[in-house]
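Protein chains: 2
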Amino acid sequence: MTDAPLLTPDFDVWPIGRRPTAVALTGTDVVVTWTDASTSRFDIWWLIDNSPMPEHINRATREATLDLSTLPDDFHATAATVEPSGALYVTWSHGIASSRYHPGWLAAHAYDGGGFVADDRPTPIAWGADTMAEPPSFDGSAILEDDTTLEAWLTAVAVYGFGRLRGVSTAPDTVNTVARHIGTVRETNFGRVFDVRSKVDPDSNAYTALELTPHVDLPTREYQPGLQILHCLENTAPGGEAVMVDGLRIARFLVEHEPETYRILTTERFTFQNRSKTSDYRWLSPVIVLDPTTNAPVEVRIAGFLRGPTDLPADRTGPAYRALRRIFALSRDPRFQIRYGYRPGDLVLFDNRRLMHGRAAFDPSAGSRWLQGIYLERDELHSRLRILRRNARARTAVATA
Amino acid sequence: MTDAPLLTPDFDVWPIGRRPTAVALTGTDVVVTWTDASTSRFDIWWLIDNSPMPEHINRATREATLDLSTLPDDFHATAATVEPSGALYVTWSHGIASSRYHPGWLAAHAYDGGGFVADDRPTPIAWGADTMAEPPSFDGSAILEDDTTLEAWLTAVAVYGFGRLRGVSTAPDTVNTVARHIGTVRETNFGRVFDVRSKVDPDSNAYTALELTPHVDLPTREYQPGLQILHCLENTAPGGEAVMVDGLRIARFLVEHEPETYRILTTERFTFQNRSKTSDYRWLSPVIVLDPTTNAPVEVRIAGFLRGPTDLPADRTGPAYRALRRIFALSRDPRFQIRYGYRPGDLVLFDNRRLMHGRAAFDPSAGSRWLQGIYLERDELHSRLRILRRNARARTAVATA
Chain V
1197 MTDAPLLTPD
1207 FDVWPIGRRP
1217 TAVALTGTDV
1227 VVTWTDASTS
1237 RFDIWWLIDN
1247 SPMPEHINRA
1257 TREATLDLST
1267 LPDDFHATAA
1277 TVEPSGALYV
1287 TWSHGIASSR
1297 YHPGWLAAHA
1307 YDGGGFVADD
1317 RPTPIAWGAD
1327 TMAEPPSFDG
1337 SAILEDDTTL
1347 EAWLTAVAVY
1357 GFGRLRGVST
1367 APDTVNTVAR
1377 HIGTVRETNF
1387 GRVFDVRSKV
1397 DPDSNAYTAL
1407 ELTPHVDLPT
1417 REYQPGLQIL
1427 HCLENTAPGG
1437 EAVMVDGLRI
1447 ARFLVEHEPE
1457 TYRILTTERF
1467 TFQNRSKTSD
1477 YRWLSPVIVL
1487 DPTTNAPVEV
1497 RIAGFLRGPT
1507 DLPADRTGPA
1517 YRALRRIFAL
1527 SRDPRFQIRY
1537 GYRPGDLVLF
1547 DNRRLMHGRA
1557 AFDPSAGSRW
1567 LQGIYLERDE
1577 LHSRLRILRR
1587 NARARTAVAT
1597 A
Chain W
1197 MTDAPLLTPD
1207 FDVWPIGRRP
1217 TAVALTGTDV
1227 VVTWTDASTS
1237 RFDIWWLIDN
1247 SPMPEHINRA
1257 TREATLDLST
1267 LPDDFHATAA
1277 TVEPSGALYV
1287 TWSHGIASSR
1297 YHPGWLAAHA
1307 YDGGGFVADD
1317 RPTPIAWGAD
1327 TMAEPPSFDG
1337 SAILEDDTTL
1347 EAWLTAVAVY
1357 GFGRLRGVST
1367 APDTVNTVAR
1377 HIGTVRETNF
1387 GRVFDVRSKV
1397 DPDSNAYTAL
1407 ELTPHVDLPT
1417 REYQPGLQIL
1427 HCLENTAPGG
1437 EAVMVDGLRI
1447 ARFLVEHEPE
1457 TYRILTTERF
1467 TFQNRSKTSD
1477 YRWLSPVIVL
1487 DPTTNAPVEV
1497 RIAGFLRGPT
1507 DLPADRTGPA
1517 YRALRRIFAL
1527 SRDPRFQIRY
1537 GYRPGDLVLF
1547 DNRRLMHGRA
1557 AFDPSAGSRW
1567 LQGIYLERDE
1577 LHSRLRILRR
1587 NARARTAVAT
1597 A
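Chains as they are written, first to last, in our numbering: chain V, 1197 to 1597; chain W, 1197 to 1597.
I should point out that these hints are in silico values taken from the structure, not numbers from a laboratory. We treat Cβ as the ideally placed atom computed from N, Cα and C, and that holds for glycine. Don't take each hint at face value.
In silico contact screen, one side only, chain V against chain W (beta carbon under 10 Å); selected entries [said to hold, decoys possible]: (1) V1381; (2) P1398; (3) L1486.
Over the 12 Å line for every Cβ pair with chain V, so calculated as not near, a few chain W residues [what the hints assert, rightly or not]: (4) A1218; (5) P1368; (6) V1594.
Calculated lysine to any residue pairs in the SDA-like style (CA-CA distance at most 25 Å, straight line) [unchecked claim]: (7) V:K1395 x V:N1431; (8) W:K1473 x V:L1203; (9) W:K1473 x V:N1587; (10) W:K1473 x W:D1399; (11) W:K1395 x W:G1537; (12) W:K1395 x W:R1539; (13) V:K1473 x W:M1249; (14) W:K1473 x V:R1591; (15) W:K1395 x W:P1540; (16) W:K1473 x V:R1585; (17) W:K1473 x V:D1263; (18) V:K1473 x W:L1203; (19) W:K1473 x V:L1243; (20) W:K1395 x W:E1430; (21) V:K1473 x V:Y1403; (22) V:K1395 x V:P1421; (23) W:K1473 x V:F1207; (24) W:K1473 x V:E1347; (25) V:K1473 x V:V1396; (26) V:K1473 x W:A1304; (27) W:K1395 x V:T1261; (28) W:K1395 x W:N1431; (29) V:K1473 x W:T1351; (30) W:K1473 x W:E1418; (31) W:K1395 x W:S1472; (32) W:K1395 x V:P1250; (33) W:K1473 x V:R1586; (34) W:K1395 x W:G1435; (35) W:K1473 x V:P1248; (36) V:K1473 x W:P1248; (37) W:K1473 x W:G1569; (38) V:K1473 x W:D1208.
Please work from the sequences and hints to get the whole structure.
Printed below as a string of structure tokens:
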């Protein structure tokens, strides 16, 4: 029995620290006592749902094959023991095959009294000009090989909403290579990699030399791209300074100082709409989007030049525009902005649903300015961070084995 | 003056029907009286925001260049007249260039008393086995040329959540061609086009011959793909029948009959997580997601085999699993299901955030079964429908000119 393999319901690595010493069945809970004398409850449905056994999951994919809805309401644990290896062994009613839980996995996922937090994303820190002078910056010269820098850079983006690599290759399409190193790219009607420079027949103000007021990209979509990369290949044109604004900070400012403006911006639905001969994307949304579960601001949707006609009731149209103009003004307020120039080889990854970005006008006749851009989803960043941490755990496990 | 070009702030076509006959300034409104004697208020901020003039928008991109936040609070209209062409002509304070509004555009966007609805998406109709026997089906043999069928098919998807083309070419990669005919494709870690067949070393239960209980794809992402296409190239294997369930219908059933289950499924955050050696995608969400503005169900997030450990408080874990098992059971209830076989040349487009799809197990040793799949966002469908309608308006305008 003690030689039974310790399976987990994933492809992850779970070093064994604290382990079960005793177990009891109480109602619908399996109650585990740990080596540090603390206890954790595990609901039987939670346990069977996370069983790693070949009778319950497909070991090739590690995805569940047991259909919970086929189990009767009185399904229950018939016995639970701790094996010498520290594994928790549970036998089930109704002829369901027994489950053995890896002690490292179990301790890491003890949701009751064990500190397990399923949402493992870093906590964002809102910033303004008072707390941030320039983008968190990293040496990007070996970003494709250097996982330590990669993890630090991606973590900065998760926390502050942006991070800059310097010294990245200026070869065209490098932005795609770096994006692919993080995860899957999100293509749009502007293509996969888009070239930000002054064009003869532009299909967006981005492709002119005009000033761009702080905005998010593609607010016209149900799902604004979560992440954007801008990579500077050439920049000798006067002007074109980048501007970044933390939408989270502005939202918090409004909650505190201008609650009526906040109320309007979190409830009135503005129209976001692109202008094109070949597409017509629209989405209606408040400017500040709240998490429906927590009511906390999670997203801004703002653009001076990608909105369409609203259809708010006549009496609410004036107040809505007053609130919109107010957040425009705040996004142009130096207290909330940082500004920086782009050097060739600079590559900035930023959260396109949290930060607003803009640029000063530039003079395309006096020099060249060429950025390449690409979009990804935030999922890709968090998945990559988890895999980096998993690899680190695996190295630790090998080192201590 | 009457020969001035009638510009619009878009690339659209607005046939002139009802037109302004008189105009008055009242407070911050420009009040238009129409040929049918009705009136509409237009807020001055709304009007300047939608001005089509070259001083206010970039005529090349039709995107705004006027920054509303640079206008003073006491910005106002100094005069408004109706020109012989029916255009509304407004002069502004503070040296802002005058605006002329196309009467067709203005009537189509009269948000006060004019019937303009900014959210022009078709209204969904929820269905069950009592009202739907098989997918709304269309002849797909000429889908790349036949815009009438394209519009009917896409409209069915917007209304019912799915639509089937029959007689589509069975050439591999046709699913990509059809998707591109709608809009931009969403690539994932499974690639651009994914092959659904029984594989030797599967990285998802989808790529086995196992039964798949009703689910959405990629619930592990912050943004579940909005649309999915499945296209049948070969199907001689016994079994593998498709199942479709309308999540909207189940949500409405729960609201009415099981409010406590509905409450739990709309508030408790379950963990959705993939299993992979190279990625670790997670998202925490209620199973039924409500629109934060309207509180109406807009999305289901459900999968028997793509969930990870929850971290709900111990006392709420049991009830959460009870509710989860209940919606699993409902999704397997024939009252909510339709079932159909795939014939080679069948191509089904469906809303992956509204419908759950599944399949019966099949026998890969007794025949072949090969589907190709691809994802898009719902934005692409609605944009395509708008362009089809725009083209129809343009044809009407030419025919009546």
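Now the hints, each set against the structure:
1. Given hint, V1381 of chain V at the interface with chain W, holds; its Cβ is 6 Å from that chain's nearest Cβ, closer than 10 Å.
2. A distance limit of 10 Å between C-beta atoms decides the matter here; for P1398 of chain V the minimum to chain W is near 6 Å, and the interface restraint holds.
3. Taking 10 Å as the C-beta contact cut-off toward chain W, the hint placing L1486 of chain V at the interface holds, the least distance being around 6 Å.
4. Listed as a non-interface residue, A1218 of chain W keeps its Cβ farther than 12 Å from every Cβ of chain V; the least gap is roughly 18 Å.
5. The Cβ of P1368 of chain W sits about 21 Å from the closest Cβ of chain V, beyond the 12 Å cut-off, so the non-interface label holds.
6. Residue-level check passed: V1594 of chain W sits 16 Å from the nearest beta carbon of chain V, beyond 12 Å.
7. For the hint pairing K1395 of chain V with N1431 of chain V, the CA-to-CA distance comes to about 15 Å; that is within 25 Å, so the pair holds.
8. Under the criterion of a C-alpha separation no larger than 25 Å, the hint pairing K1473 of chain W with L1203 of chain V is consistent with the structure, at around 15 Å.
9. A distance of roughly 10 Å separates the Cα atoms of K1473 of chain W and N1587 of chain V; the hinted pair therefore holds under the 25 Å criterion.
10. Under the criterion of a C-alpha separation no larger than 25 Å, the hint pairing K1473 of chain W with D1399 of chain W is consistent with the structure, at around 9 Å.
11. Pair hint K1395 of chain W plus G1537 of chain W holds up; C-alpha atoms about 21 Å apart against a cutoff of 25 Å.
12. Of the pairs offered as hints, the one joining K1395 of chain W and R1539 of chain W holds, with about 21 Å between alpha carbons and a cut-off of 25 Å not exceeded.
13. In summary, the hint linking K1473 of chain V to M1249 of chain W is supported, as the alpha carbons are separated by about 18 Å, within the 25 Å threshold.
14. Between K1473 of chain W and R1591 of chain V the CA atoms are separated by roughly 15 Å; this keeps the pair inside 25 Å, and the hint holds.
15. Distance check on the hinted pair: K1395 of chain W and P1540 of chain W sit about 20 Å apart at the alpha-carbon level, within 25 Å; holds.
16. Between K1473 of chain W and R1585 of chain V the CA atoms are separated by roughly 13 Å; this keeps the pair inside 25 Å, and the hint holds.
17. Restraint check for K1473 of chain W and D1263 of chain V: the C-alpha separation of about 24 Å stays at or below 25 Å, so the hint holds.
18. A distance of roughly 15 Å separates the Cα atoms of K1473 of chain V and L1203 of chain W; the hinted pair therefore holds under the 25 Å criterion.
19. Of the supplied pair hints, the one linking K1473 of chain W and L1243 of chain V holds, its CA atoms being roughly 23 Å apart against a limit of 25 Å.
20. Among the hinted pairs, K1395 of chain W with E1430 of chain W is consistent with the structure: their alpha-carbon atoms are about 15 Å apart, no more than 25 Å.
21. Restraint check for K1473 of chain V and Y1403 of chain V: satisfied, since their Cα atoms lie roughly 16 Å apart, inside the 25 Å limit.
22. Using a Cα cut-off of 25 Å, the hinted pair K1395 of chain V and P1421 of chain V holds, with the two alpha carbons roughly 23 Å apart.
23. Of the pairs offered as hints, the one joining K1473 of chain W and F1207 of chain V holds, with about 6 Å between alpha carbons and a cut-off of 25 Å not exceeded.
24. Between the alpha carbons of K1473 of chain W and E1347 of chain V the distance comes to roughly 18 Å, so the proposed pair stays at or under 25 Å and holds.
25. Between K1473 of chain V and V1396 of chain V the alpha-carbon distance is near 16 Å, which keeps this suggested pair within the 25 Å criterion.
26. Our distance criterion of 25 Å between C-alpha atoms is met by K1473 of chain V and A1304 of chain W, whose separation comes to about 19 Å.
27. As the CA atoms of K1395 of chain W and T1261 of chain V are separated by approximately 17 Å, the hinted pair is consistent with the 25 Å bound.
28. Using a Cα cut-off of 25 Å, the hinted pair K1395 of chain W and N1431 of chain W holds, with the two alpha carbons roughly 15 Å apart.
29. Using a Cα cut-off of 25 Å, the hinted pair K1473 of chain V and T1351 of chain W holds, with the two alpha carbons roughly 21 Å apart.
30. Proximity of K1473 of chain W to E1418 of chain W is assessed by CA-CA distance (about 20 Å); at most 25 Å being required, the pair is judged to hold.
31. Distance restraint check for K1395 of chain W and S1472 of chain W: the Cα-Cα separation of roughly 16 Å lies within the 25 Å cut-off, and the hinted pair is therefore satisfied.
32. Simply put, K1395 of chain W and P1250 of chain V have alpha-carbon atoms about 18 Å apart, close enough for the 25 Å limit, and the pair holds.
33. Distance hint between K1473 of chain W and R1586 of chain V is fulfilled; the C-alpha atoms sit about 10 Å from each other, no more than 25 Å.
34. Between K1395 of chain W and G1435 of chain W, the direct Cα distance comes to roughly 17 Å. Compliance with the 25 Å bound is thereby established for this hinted pair.
35. For the suggested pair K1473 of chain W and P1248 of chain V, the alpha carbons sit about 16 Å apart, so the restraint of at most 25 Å is met.
36. Taking the CA atoms of K1473 of chain V and P1248 of chain W, the gap is near 16 Å; set against the 25 Å cutoff, the hint holds.
37. Annotation: proposed proximity of K1473 of chain W to G1569 of chain W holds, straight-line Cα distance about 22 Å (limit 25 Å).
38. Only pairs whose Cα atoms come within 25 Å are accepted, and K1473 of chain V paired with D1208 of chain W is accepted, the gap being roughly 8 Å.
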